[in-house]
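Chemist: The lines below spell out each chain.
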Amino acid sequence: MAAMHTIGLELPIGHGTVATFCQGVPEKLVVFVHGFGGSAQGTWKGFPERLEQDPAFKRTDFIYFGYKSRRQAQVSAQEFLELLMAVLGRRATSFTPSSLGRKSPPAYKKIVLVSHSLGALITRRALLMARQLNAPWLGRTRFLLFAPAHRGCNLIPLLTTCLPGAWKIGSLLIQFAIPVLQDLTPDSTALNDLERDTQAVIDAHADHNISIASEIIWAERETVVIAGNFCLDPLPILAYDQGHMSVCKPNADYLLPVDHVKEAL
Amino acid sequence: MASIREVNLDILLTRHRMSKQAENGYRILHGLILTGREEERAWLLRHHDQKAVGIRESYLRDDIDQLIDSYCWLMIAMLAGRISTRLPPPLEWEIVEILGDTAVQDFYKKHYPLVLPQALLTAVRDPNMRKRVEIVARQVKNPNVFQRFRALDRKIEEDQDIEMFLSFMDDFWVRRQGFPDLVELLNNPEELAACLVAQSGGKEVLGMAARGLLKYVDIMAEYRELLEDAEANPVLASAFWHKQGYWFDAIGHDFHGQLFHLLINLKHAVRRTFVKPVNGLKKATDRERAELKREAVKAANESIENVDFILQRKWYTPLTQLLNGTGPWSMDK
Chain W
164 MAAMHTIGLE LPIGHGTVAT FCQGVPEKLV VFVHGFGGSA QGTWKGFPER LEQDPAFKRT
224 DFIYFGYKSR RQAQVSAQEF LELLMAVLGR RATSFTPSSL GRKSPPAYKK IVLVSHSLGA
284 LITRRALLMA RQLNAPWLGR TRFLLFAPAH RGCNLIPLLT TCLPGAWKIG SLLIQFAIPV
344 LQDLTPDSTA LNDLERDTQA VIDAHADHNI SIASEIIWAE RETVVIAGNF CLDPLPILAY
404 DQGHMSVCKP NADYLLPVDH VKEAL
Chain L
11 MASIREVNLD ILLTRHRMSK QAENGYRILH GLILTGREEE RAWLLRHHDQ KAVGIRESYL
71 RDDIDQLIDS YCWLMIAMLA GRISTRLPPP LEWEIVEILG DTAVQDFYKK HYPLVLPQAL
131 LTAVRDPNMR KRVEIVARQV KNPNVFQRFR ALDRKIEEDQ DIEMFLSFMD DFWVRRQGFP
191 DLVELLNNPE ELAACLVAQS GGKEVLGMAA RGLLKYVDIM AEYRELLEDA EANPVLASAF
251 WHKQGYWFDA IGHDFHGQLF HLLINLKHAV RRTFVKPVNG LKKATDRERA ELKREAVKAA
311 NESIENVDFI LQRKWYTPLT QLLNGTGPWS MDK
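In the order they appear, the protein sequences are chains W and L. Under my numbering, read the first sequence as residues 164 to 428, first letter to last. Under my numbering, read the second sequence as residues 11 to 343, first letter to last.
These aren't lab readings, by the way, just hints derived from the structure by calculation. Careful, some of the hints might be misleading.
[As the list claims (entries may be wrong)] In silico DSSO-like links for lysine-lysine, alpha-carbon gap of 27 Å or less:
| hint | chain 1 | residue 1 | chain 2 | residue 2 |
| --- | --- | --- | --- | --- |
| 1 | W | K231 | W | K208 |
| 2 | L | K151 | W | K412 |
| 3 | W | K412 | L | K308 |
| 4 | L | K292 | L | K308 |
| 5 | L | K225 | W | K208 |
| 6 | L | K151 | W | K231 |
| 7 | W | K231 | L | K303 |
| 8 | W | K231 | L | K292 |
| 9 | L | K225 | W | K412 |
| 10 | W | K208 | L | K324 |
| 11 | W | K208 | L | K308 |
| 12 | L | K292 | W | K221 |
| 13 | L | K151 | W | K208 |
| 14 | W | K231 | L | K324 |
| 15 | L | K30 | W | K266 |
| 16 | L | K213 | W | K231 |
[What the hints assert, rightly or not] Stretches of chain L that chain W covers, calculated by requiring three or more beta carbons in the stretch to come under 8 Å of a beta carbon on chain W:
| hint | stretch |
| --- | --- |
| 17 | 150–162 |
| 18 | 201–209 |
Each residue gets a CB set at the ideal place from its N, CA and C atoms; glycine is no exception.
So here's chain L without its partners, still in its complex pose (with noise of 0.2 Å):
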């Protein structure tokens, strides 16, 4: 009988690696290193600065991240305990043959940093890493914590609105819309509220970056609550942090000041909005839609406070710490 910690390997396996995308990422990459096409890969996995990537091209992109995303979730894994830290043979070979290759490695080291794929190589290199990932693993008290965060990811990771916002933030157009349309939206409460129940009419881009921003907001509460309750496990919190740390870290532009541009304009939206006396509620009475609204902008300013609480960098320091050997693990390089 397989134990309960193969069983999660199995689930995880299934769920990210063998996903269509990540097989995918996995098949042109091997493909690659195999005939020795190191340019070719190179080219691929290259900084869009240096040529901006096509259609095609961002495909591929989009597999290999789905693959690395996959590794991504082994190593949270292991520091949180729910499976081994060593991991059946040919899996390992193939995390060293993928992430040990120099043009990948450029493109989750140099290109868009990325601090979990690292983790994950040097504890299948590195004997005293897999100690030190274990020691991690055995000071967490709820392994819950686990759950909650892959509940967390799911809603990020599988959410369309919140695909469409986010791809707003990271400056992409999409039918002649960005950003900054966005931010127009915010500043005309009855066009926003027109835009967050289309699904048709030429409003749906815009709807669904708008009701992605909303959705965002509650992940952005849902975060701090599950840092707060893994703070006493510092290298777990910050592995948490550290999934989505394109957006926190990597992104390279100021994710913080337009997400609290978008915040700002979005409480100021809120505040402009008249709660009308016959609503969906039939009726309300005139103290009861001013404490909705009071509810309203509290909910706003604190998703301000949320957002400067998660994007510290406070959160980025123990897992590079248990990386490098450096901080609380010197003793043990």
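Okay, chain W solo, but in the shape it has when bound (with noise of 0.2 Å):
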């Protein structure tokens, strides 16, 4: 099948952030967010072949942002809004192709934000930022969460199964002193505070969408993140035979991630 979107343009926030696009109007936007030790596309393994060939996806342009995972969640968080507020904003022609022929900032009808471990406590801060700023298309925007680490993290697994190889010797030889894994300790102050805020978005009643997740996908042999509640999130849906890196790769047998990801769409 003939490929239905542009190879990947390079964008000028985060860390090798790539976007991806649909010929003509687009209505949609799926921003994906990798996590600790992840990478703005290898992360999401198998997840571009399936959706830039799918028709359902044809209206669809996707963003896979990347960024230093070792910072401060805090500091990641930052950087994420901000390029959601370039490519939902005004400015957001000046990050396309001009062949594209785009001459006004796409209005997309939907935003789902897909997100990895850290990246799920990057992408419900940064939702919660963008809240104080009333970002306009809060509205329209939904997230998913793969093996969030939004309770907090096992931190020997998550060095032995998350790291690329040269970071497991580079954080061995530094003793580890990581700043975000301060951050991924159950109970450490970013986790608290995280809930805190989020819990008091949904005491006001609003803004439920970017304050409870629409989907939550645990793996079943998950031993990285601890798999627990967070505030009125809907029960999780259990990816059987999976890890916690496997669990957002789509393959020819493990189509939920795809199936899923349609659904929020």
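Make the complex out of the two chains shown on their own, each in a separate frame, by following the hints.
Modeler: Encoded structure:
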């Protein structure tokens, strides 16, 4: 089947952030946010080829957000917010190839943020910050979380499972002095603040779409994140035979991730 | 409305060919060709053994490298089926003008052999080659491998730590520090750790090179995964490999041996590192510390295997066969 989306265009916000665009007028946007030790596109291996060849996503643009995941989560959330404000704001056309012929910023009817692990903290915090700014696109936004780390992580499995080889070596040499590990420790200030601020939005009976996840997907063989409920999030869907890293990587025998993104749209 | 392939070409040209450096590279060569200064071109593009390259010349040559690199991208995108094999006529004329020039050809064929520019020039000139490229493109089952390769190449080309590391591998010296200093640093795990986090205090050059080495280790792992995933299409896998042809093939000295030497030293550094009971994890049990160390040693071993896998000659051949119409392509000649 002929490709329905462009090759990736590098965006100047984040670290390795890339966007692929559909032809014609886009109606929807999906933004992917990786976790600790992941990368903008590597974390989502198996996704692009399925989404970009599926007619259901013919009018959908995709962004794969990359950031330096060793930093404190709050800093990455701020960077993610900057990306969202840019691509959903008045400057949006400056991020699209001119030959695409988009004269005005796309008016996406639906925006879905898809996050893995640490990406869940980044996404939730960025949405709370966007609320403070009264971002006009918030009402059209939902989010979907794979193996979210919003309850914290088991740090040893996190380091042995999620890190690429050289990071394992480098982390050992520097005695694991990695700022974000403090945020990912259960009951950390970052996690407690996130829960408190999310609950406050829920209590205000407003913006449930950005305070309550539309779907949570847990890996049956999870060892990295603490599996626990977060505020009023829905009951999780269990992905059988999947581990922390594979839960967000669809393949020929595991299409649940694609199906749920489709549903969220 | 532009087709997806036309937009893809626009993205590639904007990102690579229209970059300030590549544009300057074109202006230099076009000017020298237009005014018939062949000797000047040949001198600027000489092999560095003929006479060492001066600083000003090296800037000009860097710009020309970027121009040639932008042509390599076009060739890879054609093979991946992401752009048409027929380029807009002005771009085809430019490719013939630049890559067809004798001095430029000596540069990328003789002095620092690169196969991708040769393949592009042939694809532009020869309908049979174009046909072969189209056959390869039609066989691409997963168009996303091209995207993954772009992300990988971007990491190599844009990271300053990797640039420093590779300049050490290319026998360059920066602030009187070079490859032997990096080898020595790896023999001292405490100093290595201090350099890895150093941003100033005289350790930054070695720190950058050491961080670059670690990043390169991950890049080799990703390269391996990509080559394995693209193996069903050997020409495309070969094209991915040739994009780093300067290091993997043309550099002329023992890149493999040097890298192997560094990785063995890195492994020893990891083995000698003592994981302190109180560290960035606050506290870890003896068992956990042993597990973390075991994982790091395993990663160091895998890095050596990855380098051996990538630097095999088998990756060189398929693209050259396509170019020369030999091997599986001999029937089409």
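Chemist: All hints are to be evaluated individually against the structure, with a verdict given for each.
Modeler: Now the hints, each set against the structure:
Restraint check for W/K231 and W/K208: the C-alpha separation of about 19 Å stays at or below 27 Å, so the hint holds. Under the criterion of a C-alpha separation no larger than 27 Å, the hint pairing L/K151 with W/K412 is consistent with the structure, at around 18 Å. Using a Cα cut-off of 27 Å, the hinted pair W/K412 and L/K308 holds, with the two alpha carbons roughly 24 Å apart. At roughly 24 Å between alpha-carbon atoms, L/K292 and L/K308 fall within 27 Å of each other, so this suggested pair holds.
For the hint pairing L/K225 with W/K208, the CA-to-CA distance comes to about 20 Å; that is within 27 Å, so the pair holds. Straight-line distance between C-alpha atoms of L/K151 and W/K231 comes to about 32 Å, which puts the hinted pair past the 27 Å bound. In summary, the hint linking W/K231 to L/K303 is supported, as the alpha carbons are separated by about 24 Å, within the 27 Å threshold. For the suggested pair W/K231 and L/K292, the alpha carbons sit about 22 Å apart, so the restraint of at most 27 Å is met.
Note on L/K225 and W/K412: the hinted pairing holds, with a Cα-Cα distance of about 23 Å set against a maximum of 27 Å. For the suggested pair W/K208 and L/K324, the alpha carbons sit about 26 Å apart, so the restraint of at most 27 Å is met. Pair hint W/K208 plus L/K308 holds up; C-alpha atoms about 24 Å apart against a cutoff of 27 Å. A distance of roughly 49 Å separates the Cα atoms of L/K292 and W/K221; the hinted pair therefore is violated under the 27 Å criterion.
Straight-line distance between C-alpha atoms of L/K151 and W/K208 comes to about 15 Å, which keeps the hinted pair within the 27 Å bound. Note on W/K231 and L/K324: the hinted pairing is violated, with a Cα-Cα distance of about 35 Å set against a maximum of 27 Å. The straight-line distance between the Cα atoms of L/K30 and W/K266 is roughly 26 Å, inside the 27 Å bound, and the hint therefore holds. Between L/K213 and W/K231 the alpha-carbon distance is near 23 Å, which keeps this suggested pair within the 27 Å criterion.
With 8 residues having a Cβ less than 8 Å from any Cβ of chain W, the stretch 150–162 of chain L passes the three-residue criterion, so the hint holds. As drawn, the stretch 201–209 of chain L meets chain W at 4 residues by the rule of a beta-carbon pair under 8 Å; at three or more, the given contact holds.
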